[in-house]
Each structure stands twice: as structure tokens, then as C-alpha cells.
Amino acid sequence: MMQKLSIKTNNKVELIDITTKVQNAVKEAGLDSGLVEIYIPHTTAAVTINENADPDVKADIKKEINKIVPFDDNYSHLEGNSAAHIKSSLFGVNQSIIVENKKLLLGTWQGIYFCEFDGPRSRNIYLKIIRD
Amino acid sequence: MMQKLSIKTNNKVELIDITTKVQNAVKEAGLDSGLVEIYIPHTTAAVTINENADPDVKADIKKEINKIVPFDDNYSHLEGNSAAHIKSSLFGVNQSIIVENKKLLLGTWQGIYFCEFDGPRSRNIYLKIIRD
Amino acid sequence: MMQKLSIKTNNKVELIDITTKVQNAVKEAGLDSGLVEIYIPHTTAAVTINENADPDVKADIKKEINKIVPFDDNYSHLEGNSAAHIKSSLFGVNQSIIVENKKLLLGTWQGIYFCEFDGPRSRNIYLKIIRD
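Chains as they are written, first to last, in full-length UniProt numbering: chain A, 1 to 132; chain B, 1 to 132; chain C, 1 to 132.
Just so you know, these hints were derived from the structure itself, not from any lab.
Intra- or inter-copy, both count: the list cannot distinguish identical chains.
When the alpha-carbon atoms are kept at most 27 angstroms apart in a straight line, the in silico DSS-like pairs for lysine-lysine are as follows:
#, residue 1, residue 2
1, LYS21, LYS63
2, LYS102, LYS4
3, LYS4, LYS27
4, LYS4, LYS103
Start from the sequences, fold in the hints, and give me the full structure.
Put into C-alpha cells, the structure is as follows:
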């Protein structure tokens, strides 16, 4: 069983909390116990799990990854978005989360973030349910 | 089937070999063949797979990740542990490992490491068994 | 069901497109719908998903990761390949990809790359099929 979510991003680099969307999709699929795989079918975006309490954490993640992988660094790729491709490989395009009693088994402070590294764009997110 | 392991970390940044703990949990679960998902429910920790022969590799990984993501870099998050959050997203909070004949199918030199980036703390590790 | 692929790498740092090999293995396994886990049993290699259209993207990824993790940086590990170990943890040794209608559900521009960080060497890739 595969589901597709769509989102619109509004900035060049942006972390968007998709926890509720994923939780709702798991509920709609009627999954009691298993795994949900979140897969991003893009090469200049990613998905990560991190704190969803203080928004300053998101701001610091964005600022620091932009420093680790500078937007301009004599890249060869003519589209000008090589930094976004590299960030995608560093954060990764998939995450697997355990589901128990119909709920995502996240830690207390964890949220799921879609990571836009070359926006704004229309993006897709694939979800795959693995039942016990 | 979900299992929870607990560990205590002793340093601010620390890599702790959890291979034997995971192997024992797989054995106790009676899993012959399938996958085990290792999931860290924390936002300032991670799990990685790397060499478990020469302890210098662990030391080099710690030193270099501390350099790539400095402890202090004009971060906004007032808790002062933004570097740990960023390292968590770079290494990732989950790993899936193949199980065959009741054994983790790791490479010859591979071990599984819990990565503490903001210790010392008491930490949890979730394990999810996916049977063939 | 577990399959093993073998490849030879030719350079110290190299990204090798293995998409067709993985697609063929999925077809041979007769998988209609499920997940395929790609697992690298090495500590100085990785697997990533990124653009497979313009080869300059591969070149930029290699150049930038070599800059983020320098080959020499007063590492302790006497084998001299600590940079490769660190790159392996940053990119990761596994990826899970959704399979629908016997096909890898990759995005339009996505390919699967074996990442060699300490070649040239003979390397293995494990594939694990998870059926719906």
C-alpha cells in the first residue's frame, strides 16, 4: 500500500513539519502495528527527524547546513543547485518510523521534517506501509 | 514486535558499540530471517554503522564531526545544544539491518554505534523486527 | 530473500550508478509490491540516491564531500583512510526503496549510487526484499 502526499514549499531552504500528515495517512491506512517508510522522490530535497518544540532548532539546522555546504563553491553543474543535491545526500531521502497502536513511535521531542533545499517548488512525498 | 533497550552515556560526545545488544534482541525475538530496524527516539543522538576493530576510527569520527559542526557557531537555540541536533540529522536516527539465519548480516568490520552528541544522559533505543 | 551483488571500483572516490542492477534483481526476485533494502557491508563505502542526468552532479558531490571531510586532518587511525570512514557515516550504508508494479518507485531524476570512498576495491552490495 503506497500513498502520495503533496506539499508546496515557499523558500529556497525550508524545513516543513509533516508529522501530522504522516500520522493521518497511517491512521487512514488502518495500520495498527508495523513500519511506515517516508520516501522523497526528489534530488534537491530530503526528510529528517529532529526537534519540533523550539523553532530556533530549525533555524540553526538551516543556517549550519548552508555553511557546511555553501551555495556557491565553483560547482560544475550548470543548473546552479549543486549545494541542494549534496545536502540531499547528507540528510537522506528516506526515513522509517515504527508504528505501534496506530501511532508513530516518535520520541517526545521528535517531529518529521520535509527538507526543501532548492525551493520554492511543488513536491511529493511517498509513504509505504509495512504491516506486521 | 517492538523492543526497547536502555543505555547510559558518559561523555558529551560518545560512540557506544551496541552490536551485541541488538544481536541478542534479535535472538530473543526468535527472528530467523528478515530485517531489524534500529530507531533512536532522541533529537541529539543518532545511530551509525562503522568499523569496530581499531578504536582510533571512533576517535577520528568524533573529532571530525565536532569540527564539521562546531559546538559554538552563533546558534539561536538557547539550550546551547544546536550542534548536537545538526549532527543527529547528518548521521540519522535509524538504520535497517538484514537478518539471515538468526544473525545480523553485518560486514566483517562493521559494528553498530549509538552516537551520543549531548551527553551524558540516559537514552533509549527502539528495535522493530520485520519477519520475512 | 537476500541477494548479493558484486562490483569493482576503479578510483579512490567514485559514485557508481547501480540502479539497473537493483531493478534487475527486483525483477528476478519476482517482487510485485513491497520494499527493497540496499545494504553496503563496508565501512569505507556508502549508498546514496541522487540525480542521474547530468554527470556534473556526481562530480560536484565528490568534490564537495572531499572538502567537507579532508583526506588528511591529523587523524589517529594508522590505515590512513579515516576520511572514508567518516564519509560512510555521513552518507549512510543503507537505503530503502519502494517497489510498485515490479518497478523501483524512484523520482524522475533519481538514480541509486554506490559510493566508493577508499578504492579501488572489490565490493559487495546486499539486497533484501520485503514483500507486501
